[in-house]
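These protein sequence lines map, in sequence, to chains A, B and C.
With UniProt numbering as the guide, the letters of the first sequence map in order to residues 1 to 302.
With UniProt numbering as the guide, the letters of the second sequence map in order to residues 1 to 340.
With UniProt numbering as the guide, the letters of the third sequence map in order to residues 1 to 273.
Hints listed in this document are in silico derivations from the structure and should not be mistaken for laboratory results.
Idealized CB from N, CA, C, for every residue including glycine.
It is possible that some hints are incorrect.
[As the list claims (entries may be wrong)] To be clear about the criterion: a stretch of chain C counts as covered by chain A if any three or more of its residues have a C-beta under 8 Å from a C-beta of chain A, and this derived list gives those stretches:
#: 1; region: 81-87
#: 2; region: 254-264
[Stated by the list, open to error] Label pairs and their in silico Cβ distance ranges:
#: 3; chain 1: B; residue 1: 117; chain 2: C; residue 2: 10; range: 36 to 46 Å
#: 4; chain 1: A; residue 1: 271; chain 2: C; residue 2: 174; range: 24 to 34 Å
#: 5; chain 1: A; residue 1: 99; chain 2: B; residue 2: 236; range: 35 to 45 Å
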Amino acid sequence: MSNSVKGRPSRVGDAPAFRRALIGIVLTLVAIVIVAPLVVIGYQAFSQGIAVYAAAIAHPDTLHAIGLTVVTALIAVPINTAFGVAAAWAITKFDFRGRRFLLVVIEIPFSISPIVAGVAYLFVYGLQGLFGPALEQADIKILFALPGIVLASMFVTAPFVARELIPLMQAQGRDLEEAATSLGASGWRTFFSVTLPNIRWALLYGVVLCNARVMGEFGAVSVVSGNIRGQTNTLPLHIELLYHDYQTAGAFAAASILALLAVVTLVAKVLLERQGAGRARRRPALAAPVAAPKTASAEVPS
Amino acid sequence: MKIRLDNVVKTFETFRAVHGVSLEIESGELVALLGPSGSGKTTILRMVAGLEYADAGHIYFGAEDATDIPVRDRGVGFVFQHYALFPHMTVAENIAFGMKVSKQRRDKTAIDARVADLLRLVQLEGLAERFPGQISGGQRQRVALARALAVDPKVLLLDEPFGALDANVRRDLRRWLREIHQELGITTLFVTHDQEEALDLADRVVILDKGQIVQQGTPEEVCRNPASAFVMNFLGDTNRISAAVAGGIARLGEAQIPAPGFADGPVEIFLRPSDLGWSSSGAGIPATVARVIDRPAGRRILALTATGEAVELDVAPETQVSAREQGIITIERARVYAAG
Amino acid sequence: MARRILPGFPLALGITLVYVSIIVVLPLGALVFKAASLGFEDYWRIVSSPRAVASYRVTALSALAATVFNLVFGMALAWVLVRYRFPGRRFIDALVDLPFALPTAVAGIALTTLFAENGWFGQALAQAGIKVAYTPLGIMVAMAFTSLPFIVRTVQPVLEDLDPALEEAAQTLGGSDRSIFLRVILPLLAPALLAGLSLSFARSLGEFGAIIFIAGNQPMSTEITALLAFIRLEEYDYQAAAAIASVLLITAFLMLAITNILQARALRYTARG
Chain A
1 MSNSVKGRPS
11 RVGDAPAFRR
21 ALIGIVLTLV
31 AIVIVAPLVV
41 IGYQAFSQGI
51 AVYAAAIAHP
61 DTLHAIGLTV
71 VTALIAVPIN
81 TAFGVAAAWA
91 ITKFDFRGRR
101 FLLVVIEIPF
111 SISPIVAGVA
121 YLFVYGLQGL
131 FGPALEQADI
141 KILFALPGIV
151 LASMFVTAPF
161 VARELIPLMQ
171 AQGRDLEEAA
181 TSLGASGWRT
191 FFSVTLPNIR
201 WALLYGVVLC
211 NARVMGEFGA
221 VSVVSGNIRG
231 QTNTLPLHIE
241 LLYHDYQTAG
251 AFAAASILAL
261 LAVVTLVAKV
271 LLERQGAGRA
281 RRRPALAAPV
291 AAPKTASAEV
301 PS
Chain B
1 MKIRLDNVVK
11 TFETFRAVHG
21 VSLEIESGEL
31 VALLGPSGSG
41 KTTILRMVAG
51 LEYADAGHIY
61 FGAEDATDIP
71 VRDRGVGFVF
81 QHYALFPHMT
91 VAENIAFGMK
101 VSKQRRDKTA
111 IDARVADLLR
121 LVQLEGLAER
131 FPGQISGGQR
141 QRVALARALA
151 VDPKVLLLDE
161 PFGALDANVR
171 RDLRRWLREI
181 HQELGITTLF
191 VTHDQEEALD
201 LADRVVILDK
211 GQIVQQGTPE
221 EVCRNPASAF
231 VMNFLGDTNR
241 ISAAVAGGIA
251 RLGEAQIPAP
261 GFADGPVEIF
271 LRPSDLGWSS
281 SGAGIPATVA
291 RVIDRPAGRR
301 ILALTATGEA
311 VELDVAPETQ
321 VSAREQGIIT
331 IERARVYAAG
Chain C
1 MARRILPGFP
11 LALGITLVYV
21 SIIVVLPLGA
31 LVFKAASLGF
41 EDYWRIVSSP
51 RAVASYRVTA
61 LSALAATVFN
71 LVFGMALAWV
81 LVRYRFPGRR
91 FIDALVDLPF
101 ALPTAVAGIA
111 LTTLFAENGW
121 FGQALAQAGI
131 KVAYTPLGIM
141 VAMAFTSLPF
151 IVRTVQPVLE
161 DLDPALEEAA
171 QTLGGSDRSI
181 FLRVILPLLA
191 PALLAGLSLS
201 FARSLGEFGA
211 IIFIAGNQPM
221 STEITALLAF
231 IRLEEYDYQA
241 AAAIASVLLI
251 TAFLMLAITN
261 ILQARALRYT
271 ARG
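Whenever a hint applies, use it, and build me the whole structure from the sequences.
Here it is in structure tokens:
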């Protein structure tokens, strides 16, 4: 065994040759598996020059797809956020029967194939579905229209905000809210001036991840949207359409927008993690009892 | 404000935390709820605060039935065990919170003046703009107290107020809390598992075991006249020796201990180490010294009686005694309880 | 339990239940209802048809291969990120989440372009006689990409929290690096690894977007189960789509149960430490 730092014996795997070899192998694989796909998107997008790129982006169908994607996110993300906060409040601030079961149900969409989600929505709102005939009579269009796309997006992202908040609020316990209430604060006041400031980074973190998933969702939306060019095509669906039409440069130009969104998401994620977001989830969610005698005040760095 | 608990019961899931507790706390009194963990003391405190609802029984604040008043309207000051200071607010903002959210409107200058008064009271004048994470544990404790007092509570409730602090900080804060109580005269109830803390601070001590009150009284009453073997044991070091009563007298070796009111049969005798002495002759329990432990206040002898029971006794620092020496344990005071 | 101390319980639980019911439970219920209305014989005929079975085979085997790849690579990546300090470490750490952040369709066309016979990697591999795009190997590549972060992100925190005293104790007892890794470190990581493995495998089974571009989608050879459900839908064969989707759903629930059990174990383990 060799000493990597003078005076301190080495830990397992600190032998310089082993260390260099392992770092080398891992970095090579990272380059192949993670970096190369990102690079190839940019390369292909601009392969026929900037003019073709600009034209591809400015094409009315692409612009419409971008608009539809943004509108979907503007509806789905806020509703999802409200749900996530409500779910976290109910689950972490109260004891009730079925609490653990509810936690599992909220996490279900995370483990289900988006295709299954899309097919499932068809059997609710489609013509062969539960409400299909009634909706047809009332002339309400849900499938192959914006509402279907929003609903499918809300399904796949249902757990995103809640799962960031629940472990954190669990760990923070109920002391702060009890203190505020004992001092006479109302429920809303307690939430906005005591709870929210202590969960804001985790909340934002959940919102950022949720937004990335809503804007990028392919499988579920592909089933419920009907792929009507220039009407119900979101950006990911539009990419598929262009790609299968052999408009590679156009497909990659559209893809580059979503790739940029992914990069922005990663940057936001890192910045939010510096604020402590995302930490609680990496530890087991229900490890601590609900009334864990641990106050957030002890954790504020001095 | 006088507080009265009338036959209060609380059950969690299947575990019964508090069994029919009745208690009166006089206006301006400082009362300790003392008991081991799981004795229900914190649950009682939280029920008085309105942080738990009683399953049965009533809680009165003065003449008013407060049992069903929600915590935000109950008007109590609660100091949490780990303080529960709002980490994103400064010390001053923490103290002002209760006044800002109150239904009765106060203007900003009035609130600021009150915060300054309270900071002076808890001796933290310079720390108004610090965050809770930037001050020491003892300072946080005082901020928590100031925050609770800011809403002019009818009653002050403290959950293990010194539990999270170092021993020396703890002693200073204890004296200081006593002074504050004297100055404000507010009815105060606090929970502790530390008998020294309870005896040092409280006007009256309420001792709990398994969700029931086993004894209450002034520190003097509970110390001098423990009502049960549990109280005797809980209040301090004690030796417990089995003996038999015959004709109202229990015999331990040569010593005779009056046990009036006990029927003939087995009893348990509790002896505090400080109530025993060591001598070469006389009426007592013959014993052999196993070991001597020296302490600043005196010497503690670990002795083995002729019948094989281990007894600890405290003697004066000058006492000449060493291991394997034989002698007699003399008894100055003893308490007899039914064998159980 | 009728009275609660903190406010807002009826509102918060109400919102939660309404949302979960409409968004999650109702559609899944409708799917199960549709599949159940088929009758056992029809159901069995659809889910055991040769084309469906071939799709299970290629999906499961590719997912298995992708998970094994991720086990080795993910573990090594987590180790390098936690144990070593080198320039660019934090950058790599952030990049690990790219497969989660990058929309699957984008990942799909990027991987296909890289591994097609005229692509950057495809050319080199073709010279070695290996075809990736439009073969089961391509499916594996897409699955490995989309599920890579799971193992890294479950192992990483456990590795960070590992008490150095444990290794030091093993060193004082004379253990070699190899034996300390195998007998002390690996067993401590095992619960997290298993949880990461099951998450990674489950994600691979359900992946759709990234795969359909690279897979070739030939029935009986490179057609994954999710795609088969989608194709049945496009053929207006709703019963078959429901039946095949229900197979995916049941598998997902099984994986969810396994993951929960493994995580409960991991939790017990960490609680003890």
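Verdict for residue 117 of chain B, residue 10 of chain C (Cβ pair) under range 36 to 46 Å:
holds (40 Å)
For the region 254-264 of chain C, count the residues whose Cβ lies under 8 Å from any Cβ of chain A; is that count three or more?
holds (count 5)
Mind checking the hinted window 24 to 34 Å against the Cβ distance between residue 271 of chain A and residue 174 of chain C?
46 Å Cβ-Cβ, so the 24 to 34 Å window is violated.
Given the hint of 35 to 45 Å, is the C-beta distance from residue 99 of chain A to residue 236 of chain B inside that range or not?
holds (44 Å)
For the region 81-87 of chain C, count the residues whose Cβ lies under 8 Å from any Cβ of chain A; is that count three or more?
holds (count 3)
Consistency note: the structure conflicts with earlier hint 4 alone.
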